[in-house]
Amino acid sequence: MFALRFLVAVLPVLVLLGGILWLRWRAYRAAALAWLVAVGGAALLYGASPVLLASASAKGLSLALLVMLIVWAAVFLYALADDLGAVEVIAAHLLSSTGDPILLALLLSWTFSGFLQGIAGFGVPVAVIAPLMVLAGFTPVRAIAAVMIGHSWAITFGSMGSSFFTISLVMDVPGALLGPPLALLFAVPVLFTGLSVAHLAVGWPAVVRVGPLVALASWLIVGLMWLLNLWGAAPVSSMLPGLLGSLVLLLAGRTRPYRRLATRAALATPRRLTFRWAFLPYGLLACLSLTAQIPAMRQAAEGLRFALSFPALSTTQGFQVPAQSAYAPIRLIGHPAPLLLLSALLTYLAYAGWGLWKPGAHQRAWQATVRQSTGTTVGVSLMVMMALVLADSGMAAVLAEAAEALGARLYLTTAPFIGLLGAFVTGSNTNSNVMFGPLQLYASQALAVSTLTVAAAQTLGGSIGSGVAPDKALIGTSVVGKGVSEGEVMRRALPYGLLGVLLVGIEVLVATLLGFG
Amino acid sequence: MRLRFALYALMLALPRLYLAGAYLQSSAAATVELLLIAALCVYLIAPERKS
Chain A
1 MFALRFLVAV LPVLVLLGGI LWLRWRAYRA AALAWLVAVG GAALLYGASP
51 VLLASASAKG LSLALLVMLI VWAAVFLYAL ADDLGAVEVI AAHLLSSTGD
101 PILLALLLSW TFSGFLQGIA GFGVPVAVIA PLMVLAGFTP VRAIAAVMIG
151 HSWAITFGSM GSSFFTISLV MDVPGALLGP PLALLFAVPV LFTGLSVAHL
201 AVGWPAVVRV GPLVALASWL IVGLMWLLNL WGAAPVSSML PGLLGSLVLL
251 LAGRTRPYRR LATRAALATP RRLTFRWAFL PYGLLACLSL TAQIPAMRQA
301 AEGLRFALSF PALSTTQGFQ VPAQSAYAPI RLIGHPAPLL LLSALLTYLA
351 YAGWGLWKPG AHQRAWQATV RQSTGTTVGV SLMVMMALVL ADSGMAAVLA
401 EAAEALGARL YLTTAPFIGL LGAFVTGSNT NSNVMFGPLQ LYASQALAVS
451 TLTVAAAQTL GGSIGSGVAP DKALIGTSVV GKGVSEGEVM RRALPYGLLG
501 VLLVGIEVLV ATLLGFG
Chain B
1001 MRLRFALYAL MLALPRLYLA GAYLQSSAAA TVELLLIAAL CVYLIAPERK
1051 S
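Sequence order for the protein chains is A and B.
Under the working numbering, the first residue of the first sequence is numbered 1, with each subsequent residue one higher.
Under the working numbering, the first residue of the second sequence is numbered 1001, with each subsequent residue one higher.
Certain hints may be false.
For the chain A half of the interface with chain B, some residues (derived, Cβ under 8 angstroms), not all of them [as the list claims (entries may be wrong)]: (1) Trp35; (2) Leu36; (3) Ser49; (4) Ala54; (5) Ser55; (6) Leu65.
Computed footprint of chain A on chain B; a stretch qualifies when at least three of its residues, placed anywhere within it, have a C-beta under 8 angstroms from a C-beta of chain A [claimed, not checked]: (7) 1008-1019; (8) 1034-1047.
If you are wondering where the hints come from, they were derived from the structure by calculation, not from laboratory data.
C-beta atoms are modelled at their ideal positions from N, C-alpha and C, and glycine is treated no differently.
Let the sequences and hints guide you as you build the complete structure.
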């Protein structure tokens, strides 16, 4: 009987993976079928009533609403900045900052792509940076693979923290508790991705040459990530560390070992914006995000939130779902979407005041946002609904029972690979956290290991997995062109991703043995 | 077009699912809402007709 229950519990996940991997469906189609399979299995074998299934699906949709509001607002701000020419100016500024190929590769693929991931995500760093890497003289395969692995450290806290918020909600770990230790555990991925970019771009001599610089920049990036999380500013915990890393590398470019004259054509091209004007939307966003964390501000806006409450329910087989008084609350101060939109509004006022505004920019940005985010929203919504059906019907608990057989130590090392698998298949750290979060939660409880540590392991693996996912290779090859195949790029990037996740697994195990989390 | 429709349908489904499942706890209303979502899923899974 347990075998049948396990099979039915694992079937929705297999349907999702199979639909995307073997049938090559878009994620939303596979998620739709997975939701149907999950609801059917929960009703027929797990004794879930229509009330419980409707309630679980409503929970899923309200969680998806919280995450997708961030995504829509982040993509809109990026599309607006891109339309106004700001992204082009910032990128050209970086391209002309140094003539040292290794430093340039690190600056573009590792730190600046992390900064871009912090704001927009969804393949934007690959789309923006890979062509610049080719322009800087790297082969297309190396260029795309370097950005894929290089920006992966920034994915969990990227897109204004959407993946972080998701894992915190799905695994019921308060963000304030999860953020600081998770930031510290990013030490290995940040260092590893930096060294990987150097190795991918030039080879072992580059790793030896820039190793100390990468270590210094990693230390500063992780330190700032940790401080921002202590401050409660998770949404900017990729953006600002990415910016700090870029500044460190820019300063290093002025020192003797790295000083070489830039010879890029970008230097001579006249542009309508200065660097300061180009950076304004993101500077405003950083200031507003930090201001929103001031305790007085948060207290004043404490009541300004939208949240649904859910009653306690149970299946006919006795699986209990606890009541939730305010599920996935969307706060006016604290949720990134209002800050992103306010940054867009202030950018409009400043640009219009100085005659830099392009007529119709907001409409074009909105159209680009709708084009880019509609499919993702439908896919994520159905996936989250499926995940909540798995969790509330007791199916995830059965999967966790099976995971118990692995034992605590082996499970901790495996947990990041589960995150990687979900992100690799769906192309998203957020989706992976939604899909496997309930399984990881119940497994951590069954194995009596820290839920916080397992949550961190899941999203760390998901972060790297999302970076090296096939959809990123597809974006890279379609933007760069030049007849490069996705397969070539994947073969180059994937070994780094797998090694990175293995190192994360070891890091998580060692941290647990040392009493961390 | 299909995705745009699905997005609107899901946005409208949130208050209805919540009312039927969590608020009213009505088995009949919850069944109707689940069937509507199931129909949307079938619509999304079906291959798109080439024009």
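Do the hints match the structure? See the list:
1. Trp35: 6 angstroms, holds
2. Leu36: 5 angstroms, holds
3. Ser49: 7 angstroms, holds
4. Ala54: 3 angstroms, holds
5. Ser55: Constraint on Ser55 of chain A satisfied, holds at 4 angstroms.
6. Leu65: Status holds, d = 7 angstroms.
7. 1008-1019: holds (count 5)
8. 1034-1047: Since three or more residues must qualify, the claim that chain A covers the segment 1034-1047 of chain B holds, with 8 doing so at under 8 angstroms.
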